[in-house]
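Trainee: With these hints in hand, go ahead and build the complete structure from the sequences.
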Amino acid sequence: MRTALRKAVPAAIPFLAITIAIESLVRAGWVKAWLVPPPSAIFQTIVRDAPELFRALAMTSFGALTGFALSAAFGIAIAVYLSSSRAIQQAFYPYAIFFQTVPIIAIAPLLVIWFGYGLRTVVASAFIVSIFPVIANTLSGILSTDRALRDLFSLYGASRSATLWKLSFPAALPQILTGLRIAGGLAVIGAIVGEFIGGQGLGAVVDVARTQQRTDKVFAAVLLASFLGLALFGLINLLSRVVLQRWHASEQN
Amino acid sequence: MTKPTNFPRRTLLKLLPAAGLLAACGKSSKTRLALNWKPDPEFGGFYAADFAKHGLDVELLPGGSGTPTVQMIGAGSAEFGIIQADELLLARSRGNDVVALFAAFQSCPTGIMAHASRKLESIGDVLRNGTLAMESGLPFARLLEKKFGFDHVKIVPSPGGDLTAFLHDENFAQQCFITAEPLQARRKGVDVKVFPVSDIGYNPYTTVVATSRALLQKNPEMVKNMVAAVREGWAAYLQDPTATNQKMHALNPSMELPSYTEIAQAQKPLIGASPLGKMTAERWDALAAQLKELGDIPKTLPASDCFVDL
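If you're matching them up, the sequences are chains A and B in order.
For the first sequence, position 47 matches number 47 in the working numbering, and the numbering has no gaps at all.
For the second sequence, position 89 matches number 342 in the working numbering, and the numbering has no gaps at all.
Just so you know, these hints were derived from the structure itself, not from any lab.
Worth double-checking, as some hints may not be accurate.
Which residues of chain A face chain B? A few of them, derived with a C-beta cut under 10 angstroms, are [unchecked claim]:
hint	residue
1	L35
2	P109
3	L110
4	V112
5	Y117
6	G118
7	R120
8	F196
9	I197
10	G198
11	T211
12	T215
13	F219
Per label pair, the in silico range of CB-to-CB distance [what the hints assert, rightly or not]:
hint	chain 1	residue 1	chain 2	residue 2	range
14	A	L110	B	G442	17 to 23 angstroms
15	B	G402	A	L35	43 to 49 angstroms
16	A	S85	B	G442	45 to 51 angstroms
17	A	L143	B	Q499	54 to 60 angstroms
18	B	R466	A	L230	38 to 44 angstroms
19	B	K471	A	L235	38 to 44 angstroms
Pairs of lysine to any residue, SDA-like flavour, derived with a Cα cap of 20 angstroms [said to hold, decoys possible]:
hint	chain 1	residue 1	chain 2	residue 2
20	B	K291	B	E388
21	B	K441	A	P109
22	B	K552	A	T211
23	A	K32	B	A328
24	B	K399	A	T211
25	A	K32	B	T320
26	A	K32	B	G329
27	B	K441	A	L110
28	B	K407	A	L110
29	A	K166	A	V242
30	B	K291	A	Y117
31	B	K291	A	T211
32	B	K283	B	S330
33	B	K291	A	V242
34	A	K32	B	L468
35	B	K441	A	I113
36	B	K545	A	V208
37	B	K399	B	P449
38	A	K32	B	D350
39	B	K407	A	Y117
On a predicted model such as this, the values are computed, not experimentally measured, just so you know.
For each residue, glycine too, the CB sits at the ideal point set by N, CA and C.
Mentor: Set out below in structure tokens:
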């Protein structure tokens, strides 16, 4: 707990500095409050609209986490499958890239027709946006297994699946976790974009607040969304620590 | 000795991108009119206007869904912009000193369209069942809620002119521009019934040219010229939109040329005023009173602050 607190201090300094800077710029009249709301107004909005905002945050969290979990499960499974042969990789990898480039807004009407308005569209959007980094990182991790170790495994007559599960996959874990970290942030963005079209959660709050020119509320929702992103990032770091602590340099100091 | 000489150069290098950004933000000599949608007949009069004749060099900036024109005017990233009257009142109540100059649409073209097969007779009927897609942050949406309640209808976000869901589901109704989407739907073979939101007494001026109070005070002559050019442009477009439609179609080919012709014809009844673009204090007052009652603005705003008659 003490170490966590000590870690939070350096990160809090820029936050405070930026908050104070914006607040003073707005109060001095250099920046218009209707363009960039002062942090004090944003905090007031968070307090005043707390029930609405936190209910929305809960919905967005659920959508983002579900989409992220699906991305993690399917992304790793797909990458493992792709790594099984060069031919399979050449046949299917290009289609995985499709997920990275698909403009969600363009296929929004289809998502709504396939999944209906509400949670399922939100999850689908979070999933589509966040699966690619999981596939790409997992695959690259598995394929970059140390050649000497691979030779050692084959010298001892290890089966393909033994090589995969006892060597390649564990060796790929640091990269898989990097993929998951990227996917976590993207899942939050994907969920909010999904909510623009699916109509709930923080996405809907932002949408309505924007048409009402309530920049304070837009920023309040954005702030909550970024906390969600941070929480997800922290969760993955925790997982990373648990999984890698015993053997990988990145988690040992 | 090397350190002091190296330091400024490095700093300079680091600042280069920022300097580039500043240069990019530098003012162009042109006067900018920010539109809130792509080139289409709704803006016909602006594309038809002969700005040079009035000593202006105007650049029309096409927008998209959610282009914050009213904020752009206030922030000075466009000298003029197209807004809707209710947007202007909201902006003013939040301290953005924007002033309306010319209202192209006297009647608000926003409406709700539903499948004709449902045999609905009024806007209230639309809310009896099914799904309604609209921007629920807009004042008319809350007026609807206040009048009829949303207990029996599912409200979902507006698909912004996309008809996929509408064509797919007979019980799906959506917010539209009464001059645009209904024509598209009919072209796809679906008969529609359209209810303008003015039916429920909500009728803000639309496609309004606005500017900032600062510019109006600094350069009233230029603002006057702008209004004159726009008024002539609309007169010309109403008389014969053919050439302007071709010009806009070249800029925005996603809509077919016959649609331009059709919409230009359909919007005519919404435009007429004498002289073109004229606004009245009574209508601004009425709108402000409505928005106050809905809770969108904390107190009514005097009409004399909202618009000028040039």
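Trainee: Against each hint, give a clear statement of whether it holds in the structure.
Mentor: So, going through the hints one by one against the coordinates:
1. A least Cβ separation of about 6 angstroms between L35 (chain A) and chain B falls short of the 10 angstroms threshold, and the interface hint therefore holds.
2. A least Cβ separation of about 4 angstroms between P109 (chain A) and chain B falls short of the 10 angstroms threshold, and the interface hint therefore holds.
3. Hint on L110 (chain A) holds. Least Cβ distance to chain B is approximately 7 angstroms, under the 10 angstroms limit.
4. Interface restraint check for V112 (chain A): the shortest CB-CB distance to chain B comes to about 6 angstroms, inside 10 angstroms, so the restraint holds.
5. Taking 10 angstroms as the C-beta contact cut-off toward chain B, the hint placing Y117 (chain A) at the interface holds, the least distance being around 5 angstroms.
6. The beta carbon of G118 (chain A) is positioned within 10 angstroms of a beta carbon in chain B (closest approach about 9 angstroms), and the interface hint is therefore held.
7. With a least beta-carbon distance of about 13 angstroms to chain B, the hint placing R120 (chain A) at the interface is violated under the 10 angstroms criterion.
8. Hint status for F196 (chain A) relative to chain B: holds, with the closest Cβ pair at about 6 angstroms, below 10 angstroms.
9. This hint holds: I197 (chain A) has a C-beta 6 angstroms from the nearest C-beta of chain B, less than the 10 angstroms allowed.
10. Checking G198 (chain A) against chain B by beta carbon gives a least distance of about 8 angstroms; that is within 10 angstroms, so the hint holds.
11. Hint status for T211 (chain A): holds, given a least beta-carbon distance of 3 angstroms to chain B, under 10 angstroms.
12. The criterion of a C-beta within 10 angstroms of any C-beta in chain B is met by T215 (chain A), whose closest approach is roughly 8 angstroms, and the hint holds.
13. Evaluation of the F219 (chain A) hint against chain B yields a violated restraint, the C-beta minimum of about 14 angstroms exceeding 10 angstroms.
14. Remark: the range hint 17 to 23 angstroms for L110 (chain A) to G442 (chain B) is upheld by a beta-carbon distance near 20 angstroms.
15. Checked against the hint of 43 to 49 angstroms, the C-beta distance between G402 (chain B) and L35 (chain A) comes to roughly 36 angstroms, which is inconsistent with it.
16. At about 49 angstroms, the CB distance of S85 (chain A) to G442 (chain B) agrees with the hint of 45 to 51 angstroms.
17. In this structure the hint that L143 (chain A) and Q499 (chain B) lie 54 to 60 angstroms apart at CB holds, the actual value being about 56 angstroms.
18. One distance hint, 38 to 44 angstroms for the beta-carbon pair R466 (chain B) and L230 (chain A), holds here, with the actual separation near 41 angstroms.
19. The supplied range of 38 to 44 angstroms is broken by K471 (chain B) and L235 (chain A), whose beta-carbon atoms lie about 54 angstroms from each other.
20. Of the supplied pair hints, the one linking K291 (chain B) and E388 (chain B) holds, its CA atoms being roughly 19 angstroms apart against a limit of 20 angstroms.
21. Between K441 (chain B) and P109 (chain A) the CA atoms are separated by roughly 17 angstroms; this keeps the pair inside 20 angstroms, and the hint holds.
22. Of the pairs offered as hints, the one joining K552 (chain B) and T211 (chain A) holds, with about 19 angstroms between alpha carbons and a cut-off of 20 angstroms not exceeded.
23. For the hint pairing K32 (chain A) with A328 (chain B), the CA-to-CA distance comes to about 8 angstroms; that is within 20 angstroms, so the pair holds.
24. Taking the CA atoms of K399 (chain B) and T211 (chain A), the gap is about 18 angstroms. The hint holds against a cut of 20 angstroms.
25. Restraint check for K32 (chain A) and T320 (chain B): the C-alpha separation of about 18 angstroms stays at or below 20 angstroms, so the hint holds.
26. Restraint check for K32 (chain A) and G329 (chain B): satisfied, since their Cα atoms lie roughly 12 angstroms apart, inside the 20 angstroms limit.
27. For the hint pairing K441 (chain B) with L110 (chain A), the CA-to-CA distance comes to about 18 angstroms; that is within 20 angstroms, so the pair holds.
28. The hinted pair formed by K407 (chain B) and L110 (chain A) meets the criterion: a straight-line CA distance of about 19 angstroms does not exceed 20 angstroms.
29. A C-alpha spacing of about 18 angstroms is found between K166 (chain A) and V242 (chain A), which places the hinted pair at or below 20 angstroms, so the restraint holds.
30. Among the hinted pairs, K291 (chain B) with Y117 (chain A) is inconsistent with the structure: their alpha-carbon atoms are about 27 angstroms apart, more than 20 angstroms.
31. For the suggested pair K291 (chain B) and T211 (chain A), the alpha carbons sit about 19 angstroms apart, so the restraint of at most 20 angstroms is met.
32. Taking the CA atoms of K283 (chain B) and S330 (chain B), the gap is near 12 angstroms; set against the 20 angstroms cutoff, the hint holds.
33. For the hint linking K291 (chain B) to V242 (chain A), the alpha-carbon distance of about 53 angstroms lies beyond 20 angstroms, and the restraint is violated.
34. Annotation: proposed proximity of K32 (chain A) to L468 (chain B) holds, straight-line Cα distance about 17 angstroms (limit 20 angstroms).
35. Under the criterion of a C-alpha separation no larger than 20 angstroms, the hint pairing K441 (chain B) with I113 (chain A) is consistent with the structure, at around 18 angstroms.
36. The straight-line distance between the Cα atoms of K545 (chain B) and V208 (chain A) is roughly 18 angstroms, inside the 20 angstroms bound, and the hint therefore holds.
37. Distance restraint check for K399 (chain B) and P449 (chain B): the Cα-Cα separation of roughly 17 angstroms lies within the 20 angstroms cut-off, and the hinted pair is therefore satisfied.
38. Distance hint between K32 (chain A) and D350 (chain B) is fulfilled; the C-alpha atoms sit about 11 angstroms from each other, no more than 20 angstroms.
39. Taking the CA atoms of K407 (chain B) and Y117 (chain A), the gap is near 10 angstroms; set against the 20 angstroms cutoff, the hint holds.
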